[in-house]
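Colleague: These protein sequences, in sequence, are chains A and B. Counting along the first sequence from 1, when you hit position 211 you're at 211 in our numbering, and nothing is skipped either side. Counting along the second sequence from 1, when you hit position 280 you're at 280 in our numbering, and nothing is skipped either side.
Simulated from the structure, these hints should not be mistaken for laboratory data. Accuracy of the hints is not assured; some may be wrong.
Said to hold, decoys possible - Okay, the calculated bits of chain B under chain A, using three or more residues with CB under 8 angstroms as the criterion:
| id | region |
| --- | --- |
| 1 | 170-181 |
| 2 | 425-431 |
| 3 | 676-682 |
Said to hold, decoys possible - The following label-pair restraints were derived from C-beta to C-beta distances:
| id | chain 1 | residue 1 | chain 2 | residue 2 | range |
| --- | --- | --- | --- | --- | --- |
| 4 | B | A681 | A | D264 | 19 to 29 angstroms |
| 5 | B | T286 | A | R239 | 48 to 58 angstroms |
| 6 | B | I58 | A | S139 | 31 to 41 angstroms |
| 7 | B | P735 | A | L85 | 44 to 54 angstroms |
| 8 | B | R31 | A | E25 | 31 to 41 angstroms |
| 9 | A | D264 | B | E130 | 46 to 56 angstroms |
| 10 | A | S263 | B | I58 | 32 to 42 angstroms |
| 11 | B | G507 | A | E25 | 53 to 63 angstroms |
| 12 | B | E742 | A | R188 | 17 to 27 angstroms |
| 13 | A | R188 | B | R640 | 33 to 43 angstroms |
| 14 | B | E130 | A | R239 | 17 to 27 angstroms |
| 15 | B | A681 | A | E25 | 44 to 54 angstroms |
Each residue gets a CB set at the ideal place from its N, CA and C atoms; glycine is no exception.
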Amino acid sequence: MKPAPFTYHCPETLGEALELLARLENVRVLAGGQSLMPMLNLRLVAPDHLVDLGRIEELVGIEQTADGLALGAMTTQRAIERSALVRERCPLLSEAIEHVGHQQTRNRGTIGGSLCHLDPAAELPLVAAALDATLVAVSKSGQRRIRFADFPAGYLTSQLRHDEIVTRVEFPALRAGTGWAFVELARRPADFAIAAAAALLTVDSADTIRDARIAVGGLGPAPLRIAAAEQALIGQKYRDGLLASAGAAVAACPAEGDALYPSDYRRELAGVMAKRALEKAAGRARSAAYV
Amino acid sequence: MLRGAGRFTDDIELPGLLHAAFLRSPIAHARLKRIDTAATRTLPGVRGIFTFADLRRILTCDRIPLATPAPAIRFNVDPTCLAVDELCYVGEPIAIVVAESRALAEDAVNAIALDFEPLPVVVDPHAGLEPGAPKARLDCPGNLVAHQVMKYGDIDSAFARAALRIKERFHLHKGGGHSIEARGVVARFDRIEDLLTVWDGTQMPHRAKTMLVACLGLSENQVRVIAPDVGGGFGPKAVFHPEELAVPAAALLVGAPVKWIEDRLENFTATVQERDQDWRVEVAATADGKLLGIRGRLCHDHGAATPYGVALPHNAATNVIGPYVLPAFELEIALCLTNKVPAVPIRGAGRPQGTFVMEMLLDRIAAELSLPRDEVRRRNFIAPEQMPYTIPIVQRDGTMMTYDCGDYPECQRRLLETAGWTAFPARQEAARREGRWIGLGLANYLEATGRGPFESASVRIAPSGAIFVATGATAQGQGVETMLAQLVAESLGVSPQSIRVTAGDTGATLRGLGAFASRQTVTAGNAVHRAAGIVAEKVRKAAAAMLEVAPEDLELVDGMVRVKGVPEMKRSLAEIARVFNGVPGFALPGKLPPGLDATVELEAYGLTYTNGAHAVEAEVDIETGAVRLNRYVVIHDCGRVINPMIVEGQVHGAVVHGIGMTLLEWMRYDASGQPLSVTYADYLLPTADVLPRIEVHHMETPTPMNPLGVKGAAESGTIAAPAAIVSAIEDALAPLGVRIRELPLTPARLRALIRAAKRPGDSL
């Protein structure tokens, strides 16, 4: 379990990093290494060059924006977990991040690394999908903004070009009266989830659901917003059994199964997770709405 | 150890040390046609590449002579150190590369070109025994490698007169050992000493030495095997693996010391495991729930070779009987060769499976007869007055299977009391009203411990006063050294810290066996106890001669021998040892023989049976199939307890192994024999955050089988765990009538059972 030979680069500025990416062939970007290092050791990937973003300070930081919250791509998961600003401005992210690996891996793992690695069962892509996050990608030739919904291109693959680096992740603020929740089932607390759900529910003082967002992970190669489940809720007066019907809409979505977790189990479980996330979000939204 | 001063195999650094990596089979079954190493030989840092043909130049036999004399075995399949012309499992070593670093060696392995022709595979042992099945090995007459019918009593009449008969089929699985330290070998041949020294993370160094002597054509005084600090054994390291020969052979050929440290991927594919057993059984009972007989068939996935006989399925079969009166028993055992790494005993060693079968059948009887589960067991227990209790099954050592002692009804009584058994139904009812599904399970079990035929120990007080203990037993972190030092300290009146224990060095003992079958406290413990007793006696006589008093008037206290009541009349152990080291020409005091030492090779025939009872509370999330264990209670009787902390640690660890086997650990293969779970992201070990609090309560029934009255404690905790946990889950789901027949019980499997059990009109 030793990696194949590669050349290690450790740029100190974003400019140097972009220069390397533009110049080199068969490069992988190291952004914390909690997935990439095991993949290298197992020789699942064999890049000729590794560009470590770990020393680029301009990629680290959590800041409040007019519209919500922005995080430097190399901000560690642990820093996010401990951030009071994140808890205040983006509580869904705070709730989800505790499920990401172990404390030890969160010390090294970064938000940008996780979003670009795009493990189908990972928590952070699911949060990005639920919150409609925007990624800022930079290359030598310029910068572009990518809606997270457009970011995944397939299993463990994003639409990032080989010379681009995600530098920043932006999460919009929640509307007033919005409850949130992140729920998952993993075999052990630090494992990737079999299925996970993130829910946002906005309820007005008349107990009418003004907005609903439901995203689930574990059904396919990337997390998905489930429009049918959302539409089943928006405009409805809150009542018992309503959220279960949204869960059922999630469970009706197709899922990719495997030998361990067949598709019918994954679908059913995604429905249960969605229902539970909605229930928790509804509890928070309604208690907020009545304050 | 805690200060980082331990020395494991990978800590051994030698001048000029080279590193090995193996090319392994990427396919479960194939004819090996060609190995092209040409591109590899010119790579930087590569010092040698050896295939079987290359090693054969110095091997005195092609196959490693591991065969054990088990009558059930139809033909032995001894492994070779590298594949010859047939690949029989993914991970089988094909070639060894020696290079200046492990990374360079792995690069070179990747550059070897391999040409093979795929052959049909045997993955499922049932299918493998069907007529027309492909052969798992072309060099064997068939797939049925061993066959046995274990029987006693009149099974036909038992079933003829039974008021109740229940048929069941269980598909049970148990994973691997998963020690923190994987395997490792460092080999060095020293021309000056004319000695091949092999540091090997093994549980059985003397056996490893025997194999090296046999295969390399060296004599016994040219080979020394040392098991240094070993980070966990759990069974796999009791088996001599091909790499343990290939690495020393490569070191001899390359003329430099070579180190191989197994990585985790190799550990998953090339280290022996336990895996699958399929049981089809039927139980006969009276109308009041008394057992009349059990019959059936056990089909066992044996893997591609026979490095450790049939101990694993044999243990599974005999453990069905457990602490109960079973008048008749007939079990056909069929072992199928498969294209997987060999299956051998892992901690628990088949016993959890056998116990699972019996305990589940008892639960079924209870359900059929509407009897409480504890009551059915109570009606079937062997009573303490029936001890010793003989069952007409002949053991490996030729003796009849005989339970030496134990109070099984009392053990269960204490369990039920501690676990709050009678109060539980009310709690369960209250929880159900809150929508929580909780259940309480119980299981009783036995374990045959202290397997012989012998173990060696020597105790020596050197002229410096240092006290040395050497034993053929080995230490993998179980606390063996502590336990032995404690026993010697007690006999010699010294502190345990002053004693140096050497375990696992063939240079320190003439013979020895090592760690398997929860045996070392029983065998080595008693050997060292006897040796220390002989030395203490000698010390008394020697001091008596020196002090001119009677030996009976002396006592051994704080490293001194002193006259009782006259503490100023004393000699230190060091003084006595110096005197008895001799001075040229002078007589020894009292004309006693020289030295203060003794060697004992304690013969151990028959087994001593540890017993226990487990209760566990489980909670099921019926929407997801997830299971949480809320509480775990163990009543444990391993006879006299030498060191309570060590025994508790053993029981905790073993229960965790049992929990893993039941709910998490699953060594999966696809239909082509490719292992699917080869990282710890896919193969789930129990972690602290999913474990309940485990309470261990000791019961002490000292065995008359040995002077210390001790029984083994290393594996026993695993044995009842699957049965107790499944019993708890079925209890939690009793309103749904869920029946669990497959391990491990994943959430997907349990949810499927819940869904299938759902009654019409239910909205679960």
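Colleague: Against the structure, test the hints numbered earlier, and report the numbers of the ones violated in rising order.
Modeller: 1, 2, 6, 9, 10, 14 and 15
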